[in-house]
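Peer 1: Letter by letter, the chains look like this.
Number of protein chains: 2
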Amino acid sequence: MSGEQVLLSGTGGQGLILAAIMLAEAAVLAGHNVVQSQSYGPEARGGASKAEVIISDEKIYYPKVQTPGLVLAMSQEAYRKYGLNLDEAAILVVDSTYVLEVKPRQKNFYALPITRLTRSELGGEQSANVMALGVVAALGNLLTREQVTQAVLNRAPKGTAKRNLKALEIGWQLGREAELPAGNRNAG
Amino acid sequence: MSGEQVLLSGTGGQGLILAAIMLAEAAVLAGHNVVQSQSYGPEARGGASKAEVIISDEKIYYPKVQTPGLVLAMSQEAYRKYGLNLDEAAILVVDSTYVLEVKPRQKNFYALPITRLTRSELGGEQSANVMALGVVAALGNLLTREQVTQAVLNRAPKGTAKRNLKALEIGWQLGREAELPAGNRNAG
Numbered sequence: 001m002s003g004e005q006v007l008l009s010g011t012g013g014q015g016l017i018l019a020a021i022m023l024a025e026a027a028v029l030a031g032h033n034v035v036q037s038q039s040y041g042p043e044a045r046g047g048a049s050k051a052e053v054i055i056s057d058e059k060i061y062y063p064k065v066q067t068p069g070l071v072l073a074m075s076q077e078a079y080r081k082y083g084l085n086l087d088e089a090a091i092l093v094v095d096s097t098y099v100l101e102v103k104p105r106q107k108n109f110y111a112l113p114i115t116r117l118t119r120s121e122l123g124g125e126q127s128a129n130v131m132a133l134g135v136v137a138a139l140g141n142l143l144t145r146e147q148v149t150q151a152v153l154n155r156a157p158k159g160t161a162k163r164n165l166k167a168l169e170i171g172w173q174l175g176r177e178a179e180l181p182a183g184n185r186n187a188g
Numbered sequence: 189m190s191g192e193q194v195l196l197s198g199t200g201g202q203g204l205i206l207a208a209i210m211l212a213e214a215a216v217l218a219g220h221n222v223v224q225s226q227s228y229g230p231e232a233r234g235g236a237s238k239a240e241v242i243i244s245d246e247k248i249y250y251p252k253v254q255t256p257g258l259v260l261a262m263s264q265e266a267y268r269k270y271g272l273n274l275d276e277a278a279i280l281v282v283d284s285t286y287v288l289e290v291k292p293r294q295k296n297f298y299a300l301p302i303t304r305l306t307r308s309e310l311g312g313e314q315s316a317n318v319m320a321l322g323v324v325a326a327l328g329n330l331l332t333r334e335q336v337t338q339a340v341l342n343r344a345p346k347g348t349a350k351r352n353l354k355a356l357e358i359g360w361q362l363g364r365e366a367e368l369p370a371g372n373r374n375a376g
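Chains R and V, in that order, give the protein sequences. If you count the first sequence from 1, position 12 lands on 12 in our numbering, and the numbers rise without skipping. Heads up, our numbering is the position in the second sequence plus 188, with the first residue counted as 1.
In short, the hints are calculated from the structure, not lab data. Treat the numbers as computed from the prediction; the structure is a model and nothing was measured. Be careful, since some hints might not be right.
[As the list claims (entries may be wrong)] Listed below are the simulated BS3-like cross-link pairs for lysine-lysine, each with C-alpha atoms no more than 30 Å apart in a straight line:
#1 R/K59 x V/K247
#2 R/K59 x V/K295
#3 R/K81 x V/K247
#4 V/K295 x V/K252
[Said to hold, decoys possible] Examples of chain V residues lying across from chain R (beta carbon under 10 Å, computed):
#5 T199
#6 G200
#7 I209
#8 A215
#9 V216
#10 V222
#11 Q224
#12 S225
#13 N329
#14 P345
#15 G347
[What the hints assert, rightly or not] From chain R, some residues computed to sit far from chain V (all C-beta separations above 12 Å):
#16 K81
#17 L117
#18 E121
#19 L122
#20 R176
#21 A178
Even glycine gets a Cβ: it sits at the ideal position worked out from N, Cα and C.
Based on the sequences and whatever the hints tell you, model everything.
Peer 2: This is how it looks when you write it as structure tokens:
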């Protein structure tokens, strides 16, 4: 892997900075170089917030995402800002709980009810960020499940490890199944 | 204020990323543009870890710290890596609990027992990061106490708000007192 630029976007309270920090930590555990960042400017005050992770085996000269290889959008506004005009090869994941209007996209597009599943499986929206991390990590094919699990354990706030590991597990499976051709789902 | 580059350094478990995120959030509340980042590379694996915050009223073109205006070092190794070769005008804060050997520095140098005080005042080392944030914010003269308090409340993990606000208060006072000429200490 020569490089991957990941953009996690949504609204302020969704915990995407923490998800990005966990993703960065997993990539460090996998031996890569990583820069993780968030920018706040006039545009950030508009509502959409984003956290970036750049993963590379080379030295990272410019530490901001320029050509995302994977975008997660957890709100309609974030989708509008970051989910359009992507390279065809880029992977786009939207949380279909919140992103209801999407432009058709042939390939590498995954609309998954991440927050809704977090509510139904874990009794509340907390840990939707970690479920999203599981989806992204599984679809990105960058990291092993063990590396991501370790990163979540290292970074989960006190008392939330069990819940977050459950969220990660569900998200990982969701990502893995989404990758399969439609005919093979629930078979693998 | 045209710009300020802040570097919070120490070891992995000290919570400096969270302190940097809180500092960034306070600067956003104050209406500034902010980029907050952490880099992990071969050098980061050496032991010293750092989190960066760039605060500006202009657009931030290069999002990494190049000429720090304020450095916090919470370990001897971090001091060695980031606390030497600073501009004379840069503010250097070291946690004297861990940074025992220092090169003399005439101006803008503050050796404060941050972790030791956290232990004695709060019964453990947790929240030393927030006490350090209080010191840095008070010495940096960038932000009001209210802005930093709000940022800590927004970002403190569940159940830790009270402890972290106490840590912030002690850190803020420590920073304010350290700034006074020696003769005036404990008088203001």
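Peer 1: Confirm or reject each hint.
Peer 2: Now for the hints, and whether the structure bears them out:
1. R/K59 x V/K247: holds, 25 Å
2. R/K59 x V/K295: violated, 35 Å
3. R/K81 x V/K247: holds, 19 Å
4. V/K295 x V/K252: Within the cut-off at roughly 25 Å; holds.
5. T199: With a closest approach of 14 Å, the V/T199 hint is violated.
6. G200: Nearest chain R Cβ about 9 Å off; hint holds.
7. I209: holds, 6 Å
8. A215: For V/A215, the interface hint holds, since the closest Cβ of chain R sits about 8 Å away, which is under 10 Å.
9. V216: holds, 4 Å
10. V222: Because about 4 Å separates V/V222 from the closest Cβ in chain R, which is inside the 10 Å limit, the hint holds.
11. Q224: Nearest chain R Cβ about 5 Å off; hint holds.
12. S225: holds, 4 Å
13. N329: violated, 20 Å
14. P345: Holds - the Cβ of V/P345 comes within 10 Å of chain R, reaching about 4 Å at its closest.
15. G347: Since chain R brings a Cβ to about 7 Å from V/G347, closer than 10 Å, the hint holds.
16. K81: holds, 17 Å
17. L117: R/L117 clear of chain V: closest Cβ-Cβ about 22 Å, beyond 12 Å.
18. E121: holds, 20 Å
19. L122: It holds; R/L122 is separated from chain V by about 15 Å at its closest Cβ, greater than 12 Å.
20. R176: holds, 26 Å
21. A178: About 29 Å separates R/A178 from the closest Cβ of chain V, which puts it past 12 Å; holds.
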